[in-house]
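> Protein sequences, first through last, are from chains A, B and C.
Position 54 of the first sequence, counting from 1, maps to 54 under the numbering used here, and the rest follow consecutively.
Each position in the second sequence, counted from 1, maps to that position plus 215 in the numbering used here.
Each position in the third sequence, counted from 1, maps to that position plus 519 in the numbering used here.
One should not assume that every hint holds.
[Stated by the list, open to error] With a straight-line cut-off of 25 Å between C-alpha atoms, the simulated PhoX-like cross-links for lysine-lysine are:
#1 A:207 to B:313
#2 A:157 to B:431
#3 A:186 to A:196
#4 B:329 to B:311
#5 A:186 to B:311
#6 C:699 to C:858
#7 A:93 to B:409
#8 C:821 to A:67
#9 C:699 to C:647
#10 A:115 to A:207
#11 C:732 to A:14
#12 A:67 to C:858
#13 B:468 to A:172
#14 C:1184 to C:1121
#15 B:507 to A:148
#16 C:889 to A:207
#17 A:157 to B:444
#18 B:409 to B:397
#19 C:1121 to A:14
#20 A:157 to B:473
#21 B:444 to B:507
#22 B:397 to A:156
#23 B:473 to A:93
#24 B:252 to A:196
#25 C:858 to A:93
#26 A:188 to B:329
[What the hints assert, rightly or not] Pulled from the structure, derived: some chain A residues nowhere near chain C, Cβ distances all over 12 Å:
#27 20
#28 34
#29 35
#30 38
#31 61
#32 63
#33 64
#34 66
#35 91
#36 150
#37 162
#38 175
#39 179
#40 207
Derived from the structure by calculation, the hints contain no laboratory data.
Note that beta-carbon positions come from the ideal geometry of N, C-alpha and C, so glycine has one too.
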Amino acid sequence: MGAPNELNLAALAKYSNDFLREVEANVEEGEWVKMCMQCGVCAGSCPFGPDWEHSPQKIFMMIRAGKRQEVLTSDSMWMCTSCYNCVVRCPRKLPITQIMHGLATYAHRLGLAPKMQPTYQWSLQFWDNCTRTGRVNELKLTLGLYFKEGFVAGVKKAWALRGIGFGLLRAKRLNPFELIRGHECKDKAGIHRMLKKAQEIEARRLKIPQFKTEG
Amino acid sequence: MAKKEYAFYPGCSSQLRGSASNYLTSVNSMCEALDIKMTQIPDWNCCGASIGYAGSGELSRHVLNARNFALAETHLPGQDVVATCAACWLGARETKEKLDASSQLMAETNEALKEAGLRYQAKVGVRHMVEVLIEDIGYEGMAQPIVKPLEGVRIAGYVGCQTNRPFGIAGESFENPMYLDKLVETLGAEPLVKYEQKVTCCGGALAFSEPEKSQKQIKDIVESAYDHKADLIVTPCPLCQANVEIYQSEINKRHGTKLDMPVAYYSQLMAVAYGATPKAAGLDGHVIQPKKLQDIAVKVVPKK
Amino acid sequence: MADLKTAAYVCGGCGIAERLDTGQLALIAEREGKMNLVRRHPFLCSAEGVAQIQGDIDAEGVTHVAIAACSRRAKTEAFQFPAVAVSRANLREGVIWVRPANDEAREATQEMAGDYVRMACAELKNMKLPSGHAETGRNRRVLVVGGGVSGMTAALEAARAGYAALIVEKGAALGGWASKLHRRTPFREPFHDPVDTGVAGLIEAIEAEPRIKVHLNTTLTQTGGAPGRFSVRLTNASGVSWVEDAGAIVQATGFTPYDASRLTEFSYGSSPNIVDQAGLEELARAAGGRALRRPSDGGSVKKVVFVQCAGQRDDSGRHLPFCSGHCCGTSIKQAMYFKDADPAVNTVVIYTDLRTPGSGEDFYRSAQAKGVTFTKGTVTGVEANDRQCRVSFRDLILAEDAVIADADIVVLATGQVPNSGVDIEQPERQDANGVQPISILNLSYRQGKDLPQLRHGFSDSHFICFPYETRRTGIYTAGPVRRPMDIAQATEDATGAALKAIQAIENAQLGRAAHPRSGDLSYPIVRLEGCTQCKRCTVECPFGAIDEDERTYPVFNESRCRRCGTCMGACPVRVISFENYSVDTVGAQIKAVEIPDESEAKPRILVLACENDAYPALDMAAMQRRDYSAFVRVIPVRCLGSVNAIWVTDALNGGWDGIMLMGCKHGDDYQCHFVKGSELASVRMSKIDDTLKQLALESERVATYEVAITDLARVPQLIDDYIKVIERIGLSPMKGFA
């Protein structure tokens, strides 16, 4: 056989178990992907269904078809609202929500997640916010989200949503005091050590070379 | 009857000065009337919520929840951990089930917890406040302290997602859970016979990152309540409450609608029915005023 | 037998006495019905009421009993008097339950009841107690055609029930297709892995069973006779021929795989690496549990592609239009041959709808757990080079054209072509493989050599209601000859067919009918001296029960007969009858009804209703108290096929205003218990227009309907709508002439 041309190489990877095995090894609940029977109930049950480029059903098929790059760089998993509607309706009982989160996390760890995806940004920010002190600081979190595209954009956004902000202030559900000294756990240091350790253990178990540990 | 005692896990949004602080206020009033003692888990931490996944990975999430369990086991032995927030409950319960099922995850979790000087012994039970009410108190028990039946109030029981799926309340269906309606009825108010958006997602945490898509969901949820002539919406979830209530003004701007539907917690309904003041029922914590509840709360009822 | 002594009993129970004047009804039975004995009883089906009837039979010598009470379908056990002829007037379901209980309706309701009493008396006087056919066959052996899993199972089941069995197998060994398989799909818990075919065990059991005899290399060269007395000439490969007797026959002749070389689009034949499912089994058997190798060069296999529905479910008209049912499970099993030997082998099943009924779903899940990839798609082409195959397909989930260029083996899931012998309606027709079939049974029946077929060459049997019945009484089909199926289904099928064969043997011995009038002792009696040799009965009998002698007179084979009466309906000279069901038993009822004078403006509509579907539907409508017009008089018939044109002519001449014929759905999805009866009736009635013209009557006066047993809401509506039609065209001008 002669040297395979590029097209052949692309074809070789298709409809092999390679990517499926990678997903099974590295993605939370990834071993369930092969059990999808392609009924499409998940796609029809998703509140943001019409907004995904690829429904969970398609994502599962893409994994089985070996479309690694297209799956991991996809914006689709980031559209999950964690409503778990697909999970309770799936006739094969796939934990679809968890798999979507797992795929998103894996894409992030490989540095393949779409950088400008708003929910991707928001997810990282949330984790950062809640682990800093052990508890979420809602004000900082909100402001952080508004100002993520720079100061001017943040002021504009905050101004546009001022009605909501003032409403919450009046209802005592948003407190400027949080900016200065918000809630935090007493054993912040212990929480930080514990999470660092958890990330180390997980990186060790998953053996992902590009694994970027937080801390 | 012995006082019922639980290890309370209020969660980040329900703490003082949080976006659901009035939820906490009303839960306290409700529990007092029902003779339930809730003791906060000392130094509890965030569960990681559903949205923290990209940064957390799996194990860190379990470790965060297991820390709360370990603290509860140490300081409040024998008490179930009770969450009021849907996401806290879901996250905690998922951790518990996963660790119970996997000795490897359990070992890894405890290896990490050791760094904080803690150990999780898998003794603790995890429950939602609603489970405590239905299973430990019962509808009859919940009816006992009523002094002001919520007569003439039509209430849309918006169950939402995470108290309903994937775990849900035992004996309820995912597609049409009835417990909020039964609760509404128990309190003397009128539940909606039909409410198409009962378990529709409000967009959850994506209300921040995907506001337009989420607000479309919220619009449906509120409009359906209007369609069935509800006076207010009741929900068991702090994120549902916040999203469905506070974005109505934005939706009005965006779509030219005139939405002005109050959204309350079940605990507020109960607190009011049990005779709490508007403040003690957390009725001062609303952007859209729950007028009918406030009217009942200020009414003076002659002592029995 | 003693003289005819008739008795009528009018029941007053279930509200009949409150709603009807039973005294008047008793008077009708006595004066008009001319019953020798008439009694009223308040609760006739009670032990005491039944005892009274029995007492009259015993003490008074009553030979004929008319019971005016509930429907003939109700209280059948209480009103069972085997020693006398019994007719029934349906006053409950037929009258009071379908009529409003008010004063306004009372008169018409009473008239209705009166007519039903007249009809029951008229019918009774024309009935005889059926005596059963004396010349019964008594052979108790089951002859099984085909020695595959279906045939072996049928023989074993019959033997285990105490009946001798004889297997006739064309090939040199028992086992059939199953013996060519490496493994079979699992049929027991936990449905996870392919299992042993079980063929060796079956053959051992056959050999150990003294009741079973086997003839290999043998075919049936002539089959004649009837249930209980089949006579079969067998001929073996050396040309030796002899005759064996049998009581019943099970045909389990299986299938031939659809010829994959007809699938030019999949390049079958261009490379040994493209195989059909049978070809893969051969490779697997050759590998004997070791990893399968690439056929072209013995190289190792890394990827296998399964093409489902290859030449099946085809709408182009070139291949099989149907689904063969087993092939999804078979491909799953074959993918496991590879996965179980080496999990690193990639196996891709390309399907449009994965059909794994029953516990096949567990097997499917097991394959998924083993890493078999299932892809929803339609394959557009397969090409082969020296070593590998290229499969092009449309991925229906990802909505894109895709190619698998590196398949080592491609397996085509082709379907099953039934081995059902000659199509007796088109004897020259080739089967789906382009082969001219040779006869399997070589029946010496007048209607043809093999079993009638329904669609796609499969033997005719009702898919849901009576799967093993064929249109030849005493001959039952089992396995893929009657519909596509897998081994597990064929095994179940064979068991059912064996039991049907046994039932046929037992019924034949007692001179009784088999399905669907099981136990009926009546049989067609022909008055040959009146016969005009028109051959309508021999041609139209749905069951091929009637042969012809050398002068083309009909020769009735009673044990082959299902007692539908289609011959009776066909006969232009009315020489065919049953002792308890004849042109006269119905004709007398039609004549007994009192036709009101035109001035009374009360039309009379005759409803001839199939006893299997339409009549029960009417009864059920009554149970739900659905009202319909009091102008109808319903007569149950065994099958619409038994309706003789003379009844229609007589009714029209007698001043009836309209006739409704209610029979079953016919066509490919027929519901007729006698398969062809309702169809024949509708053909005959389409020709009734001539009669109507002769009488100068409107064509609306005779209407034919397809009615299902579930049509209980529709039937009353049909009646009321028809009344409107009659009101529109006016009363019959024939009144008063009779």
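> Does each hint fit the structure? Answer for all of them.
Hint check:
1. A:207 to B:313: 21 Å, holds
2. A:157 to B:431: 19 Å, holds
3. A:186 to A:196: 18 Å, holds
4. B:329 to B:311: Since the Cα atoms of residue 329 of chain B and residue 311 of chain B sit roughly 18 Å apart, the hinted pair holds (cutoff 25 Å).
5. A:186 to B:311: 24 Å, holds
6. C:699 to C:858: Distance of about 21 Å is within 25 Å: holds.
7. A:93 to B:409: 28 Å, violated
8. C:821 to A:67: Given pair residue 821 of chain C, residue 67 of chain A holds - Cα atoms ~19 Å apart, limit 25 Å.
9. C:699 to C:647: 58 Å, violated
10. A:115 to A:207: 24 Å, holds
11. C:732 to A:14: 55 Å, violated
12. A:67 to C:858: Cα-Cα ~22 Å, so holds.
13. B:468 to A:172: 24 Å, holds
14. C:1184 to C:1121: With a Cα-Cα distance of about 31 Å, the restraint between residue 1184 of chain C and residue 1121 of chain C is violated, given a limit of 25 Å.
15. B:507 to A:148: Violated, at roughly 40 Å.
16. C:889 to A:207: 24 Å, holds
17. A:157 to B:444: 34 Å, violated
18. B:409 to B:397: 13 Å, holds
19. C:1121 to A:14: 79 Å, violated
20. A:157 to B:473: Measuring from Cα to Cα gives roughly 23 Å; hence the hint holds.
21. B:444 to B:507: 14 Å, holds
22. B:397 to A:156: 45 Å, violated
23. B:473 to A:93: Roughly 41 Å between the alpha carbons, so the hint for residue 473 of chain B and residue 93 of chain A is violated.
24. B:252 to A:196: This hinted pair is violated, its Cα atoms lying about 35 Å apart.
25. C:858 to A:93: With Cα atoms ~24 Å apart, residue 858 of chain C and residue 93 of chain A stay inside 25 Å; holds.
26. A:188 to B:329: 14 Å, holds
27. 20: Violated, because the least Cβ-Cβ distance between residue 20 of chain A and chain C comes to about 7 Å, which does not exceed 12 Å.
28. 34: 5 Å, violated
29. 35: 5 Å, violated
30. 38: 5 Å, violated
31. 61: Violated, since 4 Å does not exceed 12 Å.
32. 63: Check fails; 10 Å does not lie beyond 12 Å.
33. 64: Non-interface label on residue 64 of chain A violated, nearest chain C Cβ at 5 Å vs cutoff 12 Å.
34. 66: Incorrect as stated: the minimum Cβ-Cβ distance to chain C is 9 Å, not above 12 Å.
35. 91: 10 Å, violated
36. 150: 39 Å, holds
37. 162: 45 Å, holds
38. 175: About 50 Å separates residue 175 of chain A from the closest Cβ of chain C, which puts it past 12 Å; holds.
39. 179: 48 Å, holds
40. 207: 20 Å, holds
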